[in-house]
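Engineer: Sequence:
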Amino acid sequence: MRCGLARSGRILPMAVFVVALPLSAAQLYYVAVSGSGTNPGTQAKPFREIRQALTLVGPGDNVLVADGTYLGFDVNSKMGAPSSPISVRAAGTNVVVLVTTDRTDNRDTIHIINSAYVVIEGLRAFNANRAALRVEGGHHVTVRNCVFGNNATWGLFTGFSDDLLIENNECFGSATQHGIYVSNSGDRPTLRGNRCHDNFGSGIQLNADVNIQPGDGIITGALLENNILYSNGAGGGGAFNLDGVQDSVIRNNLLFNNHASGIILFQIDGAEGPRGNRVYHNTIDMAADGRWALNFLQTTGTNVARNNILLTRHSFRGGLRFGDTNDAAHTDSDYNILTRITPDDNAVLTLAQWQTQGHELHSITGTLTNLFVDTTVANYHLLTNAPAVNFSQALATVTADLEGNSRPSGGAADMGCYELSPFTVKIFPVTGGQYLVRLSGGAGRTYQLDFSAALNNWTPTLMLLQSNRPLEYLEATPPPGWRFYRASFVP
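Residue numbers (my numbering): 426 to 916.
Just so you know, the hints here were simulated from the structure itself, not pulled from any lab data. Do not rely on the hints blindly, as some may be mistaken.
Unchecked claim - Now the in silico label distances, taken between C-beta atoms and shown as ranges:
hint, residue 1, residue 2, range
1, Asn-771, Leu-523, 49 to 55 Å
2, Arg-738, Ala-837, 27 to 33 Å
3, Thr-822, Asn-771, 45 to 51 Å
4, Thr-467, Arg-738, 35 to 41 Å
5, Gly-483, Ala-825, 46 to 52 Å
Just so it is clear, CB atoms sit at the ideal spot from N, CA and C, and this is done for glycine as well.
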């Protein structure tokens, strides 16, 4: 049984909540469309442009930007510190940074140059001449909760920058290349929770590129997790296009309707081919005109694939592609759901044929209809009776799924990016002082939702035979005082 409780103005569910605390900093500067360049940047007298505040910032300083439109800006040679970064944050949801014509270099709308411990959060930028945001050199730059769309080349582009955190951004509509492009030997990038879609090239590309110096031409220590990539690749390029990437982790990602490759690890511009990479718990559904779901080419050492769902709608391509027999020998792959394999980028084998050669001995086949709730609306959560449920190899390094649900929830972790959560209850505040109760359960199971004013005398509210959609319950009027909700499974 799971319970939550609500009272007008607040929610007290029986769980841990994250509370947003006030910004603590050496100095807080304000920017608003009502401001002026001659103002001191206080809340009462804000600056007009972000760039004006950036002339003053030092370690620990924050720039808080109100909704409105602002000129593109540079963050040049600004050094925060590990415990006191410099940040530029949106105060609302509609801070738009515009393309400029007045800077020495107007190609990239936001340009971060040779800076460290800098955070850009909640900004929006569209129709850039090249990239909406570019990080050049430096290290420990965070770009979080931003939206970059319909830019000429990239949404977000980085070069020679170590220890990046690119998190919870949306990048779409890049006209000639990729949504996010991490380049030039930048090590230890983390790309988490990003949504990249409808880009002409890749959703996310990592290219170490030994041809551009300085740098070793290898990206190591990358973590690519919880990203959703779809409808990319009309011009070529994998949804994850990884050139010269080694000793990295690709886990809990959802890829669907991509038109080139799914995940592809290879070497063209990188100094060496892939090795030491771990590809865990990804869900891939390739478009009918797409290529292979998971690709290992030009490998230089062992790569591991486990617990992935690798499906395609293509007539003869399949889940797993090797460039040659050397790549097949370098790949430790098992406990996946897939159909066809190419061992040499030529012959195509069924899973059963591949297993007779000693490969994928614990892997199984599956279909869109026996695995997922409803792919027509991009719902790739697992059905309760899906063959992926409770069928995987235990991985100590994967303890949660794409949505943060704990793994395993049953006897074993589930394959793919989502762990089946047969029973969850969440409470959300809505306008008017009301609370929305959302209950999700397994298809074909019956649940009961009750309420009480004081944890006694429970009143049954409704019964639900769970289908493919969660139940949403909203009381007609705001409850007076406390309201406790109880949901339970009915055998």
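Engineer: Kindly confirm whether 35 to 41 Å is satisfied by the beta carbon distance between Thr-467 and Arg-738.
Structural biologist: violated, 57 Å
Engineer: Using the Cβ atoms, figure out if Arg-738 sits within 27 to 33 Å of Ala-837.
Structural biologist: holds, 28 Å
Engineer: In this structure, is the beta-carbon distance linking Thr-822 and Asn-771 contained in 45 to 51 Å?
Structural biologist: violated, 34 Å
Engineer: Assuming the hint says 46 to 52 Å, is it satisfied by the Cβ distance from Gly-483 to Ala-825 or not?
Structural biologist: Violated, since Gly-483 and Ala-825 (Cβ atoms, about 37 Å apart) do not stay within the stated range.
Engineer: That 49 to 55 Å hint for Asn-771 and Leu-523 (C-beta), does it hold up?
Structural biologist: holds, 51 Å
In this structure, the hints that do not hold are numbers 3, 4 and 5, in rising order.
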